[in-house]
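Peer 1: Protein sequences appear in the order of chains A and B. Plus 343 on top of the position in the first sequence (first one is 1) and you've got the numbering used here. Plus 583 on top of the position in the second sequence (first one is 1) and you've got the numbering used here.
Note that these hints are calculated values from the structure, not bench results. Predicted, not measured: the structure shown is a model, and the values here were computed from it. There's no promise every hint is true.
Computed list of lysine-lysine pairs in DSSO-like fashion (alpha-carbon distance at most 27 Å, straight line) [as the list claims (entries may be wrong)]:
#1 Lys350/A / Lys515/A
#2 Lys715/B / Lys610/B
#3 Lys515/A / Lys715/B
#4 Lys743/B / Lys657/B
#5 Lys371/A / Lys619/B
#6 Lys515/A / Lys743/B
#7 Lys515/A / Lys483/A
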Amino acid sequence: MTGKTAKTAYNPHHDMGGQSGGPVIPDKADDPIFEQPWHKRVLGLTVAAGGMGVWNIDMSRFRRESLPQQDYQHFTYYEKWLAALTNLFVVNGFVSRDELIEGYQGPLQPIQDNIMRAPDVAAILARGAPSARPYDGVAKFTVGARVTTRHPVDTLHADPGHTRLPLYAANKTGVVLFTHGAHALPNSNAHQLGEAPEPLYAVEFLAADLWPDSDTGHGDTVIIDCWESYLETA
Amino acid sequence: MVHAMPHDHHDDHAHALLPPEPALRVKALETILARKGLIDPAAVDAIVDLYENHIGPRVGAGLVARAWADPAFKARLVNNTDGILAALGYGGRQGEHVVVVENTRECHNMVVCTLCSCYPWPLLGVPPAWYKSDAYRQRAVREPRQVLAEFGVELPADQKIRVWDSTAETRYLVLPIQPPETVGLPADQLAGWVTRNSMIGTGLPQAPDTAP
């Protein structure tokens, strides 16, 4: 299960919670929803392509995270989406690398059966893709239970692998605030290893425990949604 | 920007009419996909139209206003969120599982997604640039009070902050405290006080026409 990555070397570039950073620049009232016209097309293409049902949201997120370090750092938001979407089309065999360079030279193809059509858009988006799943096991933790997170590396199902446990919350103890029922497990689902649903918990951590070196007074807390396999009894 | 319009004035600067690289890349990809029958360009138009013109923070503001005006609705919104949203037609993509977190004098709630940019699309639309920025993703969980200061918000020292990191498919919507001067107003007027940022937790309700 666990990948080969050493815990000390684990530093995925998308996992940036708790790092120091520059100022946050609030937007202005008249800022457009889409800064550039091409941003709209990237969003529209990404949503439409997701509707094919060939890849799930966890695979999609994993593709964005898997962009090379320098691309992830230098691309703007929608460039990351575009690059990851392109990779999804290529790795799933829909578009070749030659076509990306030369263009598609073959005959014009009719729109295929599983492609999202304009009249269906509103209904498909209104339906969404819920991640909640039936579960016939017994949830291991109850509200109020003290739990300790594992290290993200120890939650990976592939190498390289996808996880939704942030590094800043590695090996930290918190309390189960409430449960969300069972949900598909991204660590498995991102790698087409099955949905493997597990109970999901909202776990509350004291900021003072997450960052003992920071001046975090006030009793402030951080809540992280954790799948059961991210947690051990404290 | 794709400024293809000819200029009707002369100046000393040469204007490159070639669109920027990402615009060309997305056009290239869309062209390939359309020619291979892998995309319906009209569906892409429809998706953009929905998020640009129909789905946005006014949806969430309407819910908050109704919750302020009607305690029974508030109880149902907090306790049976997905049921209420489905009944009102506000469920769907990136809002399949919503939890409403209510601000109190003792506790202020604030939402982030440190790992990507998870956000309740059906209730607030697509996220603003700052929500997706590295700076917000890095700092919101560790120094929320400093981040709030950058939004012009200062909380009482005895009001604790709960920061919700959206690591699963659960989307969090903050139910802000109703400003005392608005008590008794009808829901349609209350909605004007509900700013988008007040539903993320980086702002507070404000008198209409004073804030985004």
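Peer 1: Does each hint hold? Answer for all of them.
Peer 2: The hints, checked one at a time:
The hinted pair formed by Lys350/A and Lys515/A meets the criterion: a straight-line CA distance of about 15 Å does not exceed 27 Å. With a C-alpha separation of about 24 Å, the suggested pairing of Lys715/B with Lys610/B holds against the 27 Å cut-off. As the CA atoms of Lys515/A and Lys715/B are separated by approximately 26 Å, the hinted pair is consistent with the 27 Å bound. A distance of roughly 22 Å separates the Cα atoms of Lys743/B and Lys657/B; the hinted pair therefore holds under the 27 Å criterion.
Using a Cα cut-off of 27 Å, the hinted pair Lys371/A and Lys619/B is violated, with the two alpha carbons roughly 40 Å apart. Between Lys515/A and Lys743/B the alpha-carbon distance is near 20 Å, which keeps this suggested pair within the 27 Å criterion. Distance restraint check for Lys515/A and Lys483/A: the Cα-Cα separation of roughly 18 Å lies within the 27 Å cut-off, and the hinted pair is therefore satisfied.
Taken one by one, the earlier hints fail for this structure only at number 5.
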